[in-house]
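Engineer: Chains A and B, in that order, are what the protein sequence lines are.
Take the first sequence: its position 43, counted from the start at 1, is 43 in my numbering, and no numbers get skipped.
In my numbering, each number is its position in the second sequence, counted from 1, plus 116.
Source of the hints: derived by calculation from the structure; they are not laboratory data.
Cβ atoms here follow ideal geometry from the backbone N, Cα and C, with glycine treated the same way.
Errors might be hidden in some of the hints.
As a list, the in silico BS3-like pairs of lysine-lysine whose alpha-carbon atoms are at most 30 Å apart [to be verified]:
1. K268(B) x K291(B)
2. K191(B) x K147(B)
3. K291(B) x K269(B)
4. K147(B) x K77(A)
5. K325(B) x K28(A)
6. K268(B) x K311(B)
7. K191(B) x K34(A)
8. K269(B) x K28(A)
9. K307(B) x K77(A)
10. K34(A) x K122(B)
11. K269(B) x K191(B)
12. K122(B) x K147(B)
13. K229(B) x K291(B)
14. K147(B) x K34(A)
15. K222(B) x K147(B)
16. K18(A) x K268(B)
17. K34(A) x K307(B)
18. K222(B) x K122(B)
19. K268(B) x K229(B)
20. K77(A) x K18(A)
21. K222(B) x K18(A)
22. K325(B) x K307(B)
23. K222(B) x K191(B)
Computed beta-carbon distance windows for the label pairs [stated by the list, open to error]:
24. S15(A) x G184(B): 33 to 41 Å
25. E197(B) x G94(A): 28 to 36 Å
26. T363(B) x Q4(A): 29 to 37 Å
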Amino acid sequence: MDIQLIRELVNQLSSGEKVVLATICRTKGSTPQKSGAAMVIRQDGNIVGTIGGGCAEAEVRREALSLMVEGQSRIYKLDLTNEAAAEEGMVCGGVMDVFLELITMKSAENPAYSTL
Amino acid sequence: MLDLFKHMLSTFDRGETQALVTTINASPGFKDMIGEKWVINTNDGSIEGGDYARSVVLEAAWESLEIGEPQTIIKDLGNNEWLELFIEPLSPPSELLILGGGHIAKPLVVLGKLAGFFVTVVDDRPSFANSNRFPEADEVICLDFESTINRKKIGPNTYVVIVTRGHRYDSECLKLCVGRPAAYIGMIGSKRRIKIVLESLQDANPEEKLPRIYAPIGLDIGARTPEEIAISIMAEVIMVRRRGNGTSLSILREG
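With the hints as extra help, turn the sequences into a complete structure.
Structural biologist: Written as C-alpha cells, this is what we have:
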C-alpha cells in the first residue's frame, strides 16, 4: 500500500463507488512481489497499483469482481507452482496469500466487540 | 473507511510514519471483525480506526514494527478465539533532492520519478532551474543553495544528491547538509577532491561524528555518460532505501 493507492481509495469512496483492495499478506517461495504490495480493483474492472502483473493479477481481478457481489472479505490463495500456472507462464514458482476486501462507505462495526 | 484513509493522507502530509493494521482472518466468533482496520501513528503512538480491540492491536503492532517489514500475526483472545492481523509499516513518499541542474540532473529527475520519488531540483541559474528543462520534476527551485537547504525540510525520507557545477558549490552544499537527518547524502567528485572536502569538514567539527557521506557518489557500474552516471547514482539511492548491498545477484547465487 502506498500513498497513490490511498488517494485512489479516497477518490473512489468520495464519489460513492465501492472497490476491492487486494493486498499480498504472505508469500512463500519466489513470487513477483512481496508482502505489502497492493492493488485496487474498481467496479468497472479497472486496476490501480499492482501485485505482480500478468495471470496472477487477472485471477485476483476475477475473484475481486465476484467478491463485489458476495461481499465477504477473505484471503485468496494464489498458487504459482502448479501446472496450470506454469502453462500460463507464471514461472515464479511461489505461493502467495492475497487479502481481498470490499471497501465501501459503510464500516462493519459491531458493538459486541466493545469489551475487547 | 473514508475518514481513516483521509487520516492516513494527512499523516503522510506531515511527513510522519504510520502502520496500517487489518484483520485478515478470525475465529468463528469474530468473523465480523474481518476487514476491520486501525492506523497507528508510529511517531506518537496514537491509534485511529476500529473502536474495538485497540489495546490488542497496539500490542501486536509494537511487537512487529520493530522488524520493520509487513507481516501477519495471530493474536490469541482466549476461549479459543483469535484474530489474524496484517501489519504494514508505511512511510511517507521519499524525496529526491537534487542540488545542481546540470547534465546529470536531467536523466536523474526522470529516473527518480520512475522509482517513485518526489523529485526536487535546485540551481541558482535561471537557465538551468526551470520547469521547461525539467518537465518531470515535481518542484524546480531557482535560488542559491544555502537559502534552499536551510529552508527545505530534510528528514529521514530525504535523499540528497549533490551534483552542482563546481567543487566549491558541492562542498558548500555538503557542509549545509551534514547536520541534517537525511536518509542519504551523496556527492559527486574525484577521490582526491572528496578526501580534501571530507577532511576539512571533519576539521571544522572535530567533536562530531560525521554521518556516512556517499562520495564519490554512485555504484561502480563503469558509468561514463551523464545518463549512465545518473543510473549509477539512482542504483545507490535505491540500494540505501531498500537496504540492498549493491552486489550482482548472480554472485550472491554462487556465494
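Engineer: Are the hints correct? Go through all of them and say.
Structural biologist: These are the hints, each one checked on the structure:
no.	hint	verdict
1	K268(B) x K291(B)	holds, 15 Å
2	K191(B) x K147(B)	holds, 14 Å
3	K291(B) x K269(B)	holds, 16 Å
4	K147(B) x K77(A)	holds, 18 Å
5	K325(B) x K28(A)	violated, 42 Å
6	K268(B) x K311(B)	holds, 27 Å
7	K191(B) x K34(A)	holds, 23 Å
8	K269(B) x K28(A)	violated, 39 Å
9	K307(B) x K77(A)	violated, 52 Å
10	K34(A) x K122(B)	holds, 25 Å
11	K269(B) x K191(B)	violated, 39 Å
12	K122(B) x K147(B)	holds, 26 Å
13	K229(B) x K291(B)	holds, 27 Å
14	K147(B) x K34(A)	holds, 26 Å
15	K222(B) x K147(B)	violated, 53 Å
16	K18(A) x K268(B)	violated, 39 Å
17	K34(A) x K307(B)	violated, 38 Å
18	K222(B) x K122(B)	violated, 34 Å
19	K268(B) x K229(B)	holds, 19 Å
20	K77(A) x K18(A)	holds, 23 Å
21	K222(B) x K18(A)	violated, 41 Å
22	K325(B) x K307(B)	holds, 21 Å
23	K222(B) x K191(B)	violated, 50 Å
24	S15(A) x G184(B): 33 to 41 Å	holds, 35 Å
25	E197(B) x G94(A): 28 to 36 Å	holds, 31 Å
26	T363(B) x Q4(A): 29 to 37 Å	holds, 31 Å
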